[in-house]
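*Asks:* Next come the chains, spelled out residue by residue.
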Amino acid sequence: MTTRPLPAVTSLAEDLPGWLPGQRWFAAKGQDVASVRVERAALLVDGDPALLHTLLDADGERYQLLLGLTDEVPDHLRAAVIGRLADGSYAYDATHDAELMGGLLELFAEHSAAGGLDWLPEPGVHIQTGLRARPVGVEQSNTSIVFGEHYILKLYRRPAPGPNRDVELHRALVRAGSAQVAEPVAVVRAEGTVLGFAQRYLGDSAEGWATATASVRDLLAEADLHAGEVGGDFAGEAHRLGAAVAAVHADLAAALGVATAGQAEMAAGADGMHARLDAALAQVPALAKREGVLRAAFDAVRELPGTSVQQVHGDLHLGQVLRTTGGWVLIDFEGEPDAPVAERNRTRSALRDVAGMLRSFDYAALHMLAGEEPDHQRLTRAAEWADRNRAAFCAGYATVGTDPRADSVLLRAFELDKAVYEVGYEHRNRPDWVPIPLAAIDRATAAG
Amino acid sequence: MTVQDTTAPDAALGLAGIPHTGEAVTADGHLTEPQAEDFHHARSAPPQVDWYKSAVFYEVLVRAFNDSDGNGTGDLRGLADKLDYLQWLGIDCLWLPPFYASPLRDGGYDISDFRAVLPEFGTVDDFSYLLDQAHKRGIRVITDLVLNHTSDAHPWFQESRQHPDGPYGDYYVWSDTDEAYSDARIIFVDTETSNWTYDPVRGQFYWHRFFSHQPDLNYENPAVQDAMLDVLRFWLDIGIDGFRLDAVPYLFEEEGTNCENLPRTHEFLKRCRKVVDDEFPGRVLLAEANQWPADVVEYFGDASIGGDECHMAFHFPLMPRIFMAVRRESRFPISEILAQTPAIPAGAQWGIFLRNHDELTLEMVTDEERDYMYAEYAKDPRMKANIGIRRRLAPLLDNDRNQQELFTALLLSLPGSPVLYYGDEIGMGDNIWLGDRDAVRTPMQWSPDRNAGFSRCDPGRLYLPAIADPVYGFQAVNVEAHMNNTSSLLHWTRRMLQVRTEHPAFGLGDFTELGSSNPSVLAYLRRHGEDVVICVNNLSRFPQPVELHLSEHDGCIPVELTGGVRFPAIGELPYLLTLPGHGFYWFQITRPLEEGEPQ
Ligand SMILES: Nc1ncnc2c1ncn2[C@@H]1O[C@H](COP(=O)(O)OP(=O)(O)O)[C@@H](O)[C@H]1O
Ligand SMILES: [Mg+2]
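If you read the sequences in order, they're chains A and B. FYI, full-length UniProt numbering numbers position 434 of the first sequence as 434, with every residue one higher than the one before it. FYI, full-length UniProt numbering numbers position 478 of the second sequence as 478, with every residue one higher than the one before it.
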């Protein structure tokens with residue numbers, strides 16, 4: 001096995017254009033890759049299999065890849081093979097290899113400089129080694145590895161230089177004493193770029209989405225009971241979740257400050273909403289007849305004197321919260337997906353997060369009906385579930401922060417902005433689901 | 001003299017001709033009391049330390065189980081006649097609510113003589129016979145002992161109110177006003193307005209945490225402490241295996257406190273424990289303290305020496321949360337309360353239950369959760385009592401067999417010694433039209449014969465009518481019918497108890513919750529030495545998949561415990577199971593067979 005990695009894997013550049021587009025985390029979905037260049041490759045673990053760290057440039061986008069190199073591919077890794085190197089050995093996606101991934105903990109524990117990277121436990125954290133590694137096994141935009149019941153390491157598939165928002169906000173929250181995040185335990189960096197982020201693994205947790213949809217399932221199995229009457233009522237959880245999100249907002253504000261956005265910024269915000277609407281209108285004809293009410297709702301934001309802004313989660317929905325035995329925890333503070341780094345780091349109104357969660361309740365309520373023949377009774381009852389839990393979330397939020405419903409103009413605009421984005425997304429990816437955000441737009445605009 | 005007449009409870013309580021407290025009064029005003037030597041003593045139970053940690057308890061009301069003399073009320077001899085049934089079922093210990101002499105204004109918790117048996121139930125010698133027969137079958141017996149108060153009919157109280165300067169004058173908590181201890185809450189909010197009641201005989205107020213006819217004993221008085229320790233000794237001498245100490249948090253009062261869990265209350269419990277340890281090793285004290293586990297653990301005493309107060313305590317908040325979790329199809333109500341439950345001393349054990357003779361207590365849930373529970377489980381306002389729900393397990397679960405099995409499986413596998421409630425093993429119903437908590441205290445249903453086989457008496461004489469509705473009535477639901485059908489709930493329960501007995505992990509093992517991404521599945525691992533058991537429960541009415549992370553047991557084979565079926569070996573990958581609605585699995589984790597190992 002080679003000890004001079006870069007030349008050895010350059011030949012892989014031929015296989016990668018075929019392989020990359022098949023990966024869930026690949027950004028330019030549905031597009032071909034013209035050229036891939038291996039920017040950096042360094043040996044982390046020698047032997048057979050060997051573990052190699054690489055950064056690629058695929059048509060100008062940077063990706064992180066951990067490669068396993070072996071002369072003989074065991075059966076369970078066959079599906080992970082990317083291609084063959086010049087020396088006849090095979091290269092495969094090493095995140096599928098539990099043995100190789102298990103070794104990463106040692107690098108952290110030793111504060112290693114393997115591969116020219118910095119493997120850095122957080123101050124005061126002692127990393128336990130010898131834990132079994134496994135992929136987290138959920139759909140995600142990065143790749144996370146779980147170690148025993150202790151840690152979860154997120155390898156950023158598209159690492160960006162500079163401070164990493166996910167890491168920084170987690171650290172700030174833990175310093176503020178927040179109980180609503182999973183404690184950071186280590187990072188791995190190359191020069192100024194954070195490549196991976198390890199946190200305490202919350203093994204007793206279930207995702208908010210799974211928890212909420214269990215309740216909806218229970219409701220829809222009943223013929224005529226109201227959402228508050230069925231056994232699986234979720235309002236108590238929604239209430240606690242609201243309080244948890246408000247607590248995170250309060251901690252972020254206390255740790256990183258609050259500013260006031262004046263009228264000019266409100267107007268700029270409204271412009272952004274209009275621009276996103278323009279883009280969606282061009283794609284989805286069904287939006288046209290709602291254009292008037294949407295524009296009116298966005299324009300109303302211009303009339304507002306201003307609002308307070310701070311660091312927020314940035315991409316909050318039921319898939320970004322975990323119900324643990326001790327309460328709700330927020331994960332993944334990377335911020336708005338697809339937005340450039342500078343954009344993500346901007347301060348915003350905390351109501352953005354609230355709007356994201358409120359939209360998510362709506363999705364949870366209606367997801368089982370997507371693609372079904374519309375059934376008035378079922379739709380009404382699902383909508384009742386959404387209303388009940390949205391209200392409970394806001395009421396819970398109000399026990400810690402200000403009741404989000406007090407800022408109705410802004411909250412409504414944020415929700416509609418989000419729904420417009422959803423219409424565009426569903427139109428491209430899941431046409432059956434388009435009615436979900438459309439109905440939300442109709443409900444919100446009919447109400448006022 | 002009239003004073004003597006009211007002191008002797010003979011007339012009112014039918015103790016004439018039976019040894020009892022206050023039969024005579026000594027020259028210095030002391031009441032003579034029966035002594036243990038006056039009665040038969042039972043043979044001992046098979047010696048076994050820590051028996052209570054893995055025992056299955058069965059709560060049975062003497063009044064409700066079996067009537068031997070045909071007077072319409074169950075009795076101690078009748079219960080003794082049914083011990084074979086309880087042995088067959090696999091019960092390790094009976095818990096009898098109080099059978100002492102009592103005016104029965106609080107289900108016998110209003111004790112008027114600690115050293116006499118309620119005549120309807122029999123005599124002290126009948127109790128000794130029951131105990132002897134139970135021990136012969138390897139079954140232990142504990143009973144309630146109310147330390148905090150007596151009935152106002154107790155000769156001690158009669159003496160105290162009439163002779164403030166006599167030897168009993170200071171046995172109760174007397175005051176000229178009703179103002180002291182105003183921070184103590186009122187427990188029976190439905191019936192009481194104050195913890196003080198004026199006694200016209202003595203011209204003072206007396207303190208009572210429960211009903212006004214139950215004056216609190218004054219534990220500040222060393223003579224009261226000694227007298228109550230002697231009550232313990234009386235029954236322990238006869239051979240009883242322990243006591244459930246009722247209402248323990250309230251023994252002492254102190255101004256400016258809520259008068260619960262005071263340090264001196266704990267000091268007295270340590271004295272009780274010392275009597276047991278020094279004089280009667282192997283017997284147990286079980287605390288009834290309806291409080292949060294973090295507070296209840298105090299009643300186990302000093303953890304550094306394995307506990308020096310009660311051996312056991314009831315875990316109250318777990319029970320409503322089991323109901324809540326299944327209704328919500330979410331494991332978190334259970335996970336949360338178990339995570340909040342502190343570790344207990346080495347010598348201690350929880351007692352856990354689904355139902356008992358009291359209502360389903362809702363003191364340990366938030367207001368919001370209580371409203372939810374009322375709405376879910378007490379649809380008729382008559383089903384509510386105090387702060388709880390008065391129903392039996394089967395009707396609470398809509399008589400759904402799957403849920404009854406799931407709940408029982410949880411009871412038998414969660415950490416703690418399970419306490420079954422008589423009749424729940426055959427899915428008995430309740431009668432919410434009966435007053436107070438009698439809804440769940442109707443006669444045990446033995447057969448489809450007259451009076452459910454409980455009594456030969458004229459049906460009109462029964463202490464409570466047997467359940468006769470079409471669904472739960474004794475014609476359909478009775479032990480005989482269940483015995484004749486091997487797929488009955490009764491047979492199922494018996495098999496589950498057998499499985500539990502075969503695996504020390506259930507009683508002695510530690511508890512680790514196994515998380516999973518499915519919030520409707522509650523999975524946990526119990527481990528005692530080599531014995532490793534995994535329990536997986538689907539709290540949802542719909543079938544559910546679950547992936548468990550068991551790679552720690554890579555290569556091991558899960559063997560399902562009720563049928564012995566070997567499941568696929570555990571590997572590196574998450575272990576996938578599918579469970580039917582309200583289904584559950586118990587697995588033993590066994591190491592794989594070695595090559596060439598004889599099979
Ligand atoms: N600390 C944690 N404990 C347990 N599970 C976690 C933890 N962090 C993340 N997860 C699980 O991993 C999934 C992906 O995590 P996330 O940070 O959102 O990654 P991505 O940015 O790739 O979406 C989550 O949906 C959750 O199921
Ligand atoms: Mg008292």
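Worth double-checking, as some hints may not be accurate.
[Claimed, not checked] If the Cβ cut is set under 7 Å, some of the chain A residues that face chain B in the computed set are:
id	residue
1	PRO163
2	ARG165
3	ALA206
4	ASP218
5	HIS317
6	GLY319
7	THR325
Because the hints were derived from the structure by calculation, they are not lab data. Note that beta-carbon positions come from the ideal geometry of N, C-alpha and C, so glycine has one too.
*Asks:* Run the structure past the numbered hints and jot down the numbers of the failing ones, going up.
*Replies:* Hints 1, 2, 5 and 6 contradicted; others consistent.
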